[in-house]
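J.: Sequence:
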Amino acid sequence: MTFWTGVKASVAGFCAIFISAHVAIPAQTGAAPWMQTGSATSQPIGHYQFCQNYKGECSVRSRPTVAPRVTGRGWAVIRQVNAAVNREVTPITDQQLFGREEIWSYPNGRGDCEDFALEKRRRLMQKGFSAGDLLMTVVRKPDGEGHAVLTVRTAQGDFILDNLDTGVKLWTQTPYRFLKRQATNHSGHWVTIDNSAEVLVGSVGQ
Numbered sequence: 000m001t002f003w004t005g006v007k008a009s010v011a012g013f014c015a016i017f018i019s020a021h022v023a024i025p026a027q028t029g030a031a032p033w034m035q036t037g038s039a040t041s042q043p044i045g046h047y048q049f050c051q052n053y054k055g056e057c058s059v060r061s062r063p064t065v066a067p068r069v070t071g072r073g074w075a076v077i078r079q080v081n082a083a084v085n086r087e088v089t090p091i092t093d094q095q096l097f098g099r100e101e102i103w104s105y106p107n108g109r110g111d112c113e114d115f116a117l118e119k120r121r122r123l124m125q126k127g128f129s130a131g132d133l134l135m136t137v138v139r140k141p142d143g144e145g146h147a148v149l150t151v152r153t154a155q156g157d158f159i160l161d162n163l164d165t166g167v168k169l170w171t172q173t174p175y176r177f178l179k180r181q182a183t184n185h186s187g188h189w190v191t192i193d194n195s196a197e198v199l200v201g202s203v204g205q
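Heads up: the sequence shown at position 127 corresponds to 126 in numbering that gives the first Met the number 0, and the numbers run straight through without jumps.
It should be emphasised that the hints constitute simulated quantities derived from the structure, not laboratory data. Keep in mind that the hints are not guaranteed to be accurate.
The list that follows gives simulated cross-link-like pairs (lysine-lysine, DSS-like), each with its CA atoms no further than 30 Å apart [to be verified]:
1) K168 / K140
2) K168 / K126
3) K126 / K54
Build out the structure end to end from the sequences listed, making use of the hints.
T.: Dropping the structure here:
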């Protein structure tokens, strides 16, 4: 079963909750609700190594589709997964856990930002969300430090699941500069995010 529109009639009864026209969704700002992706770019080394261990996770191909519309129940699932992983996983750096940096893995009770995002992606896929709409994303925090979050691609906009925030927010409502994310059509490929600077400029004074 799936949380997206366009499902087959055999699951239409369940999935009707995801196409309601009367859906309470997170508030949006005046800035573009979707990221504008650009050219292919380098895969983060940590994700490359993750793909060597989980080849099936990084070879999913998806046909280009319009971003799906999520209904109230779908948003409840997204929020529940975000809160549950943030609550269940203890933050720890790769250096503390593995003795070296940039290890992307599913957390076993402990992990850093990439591990939180990977676990949220896995759980949402288990709930029926498409891999092409759950995108690992690399950002830069206001202090210049690199950070990873999960982008959920929807018809209502691109929303962020973050281990540093209990809420699910439109990407333009976060304090980050967005650098790159997984491609929607191939889970092992990455693309640039070209309109992040415009969002930061537009948010000044808001």
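J.: Looking at the structure, which of the earlier hints fail to hold?
T.: none
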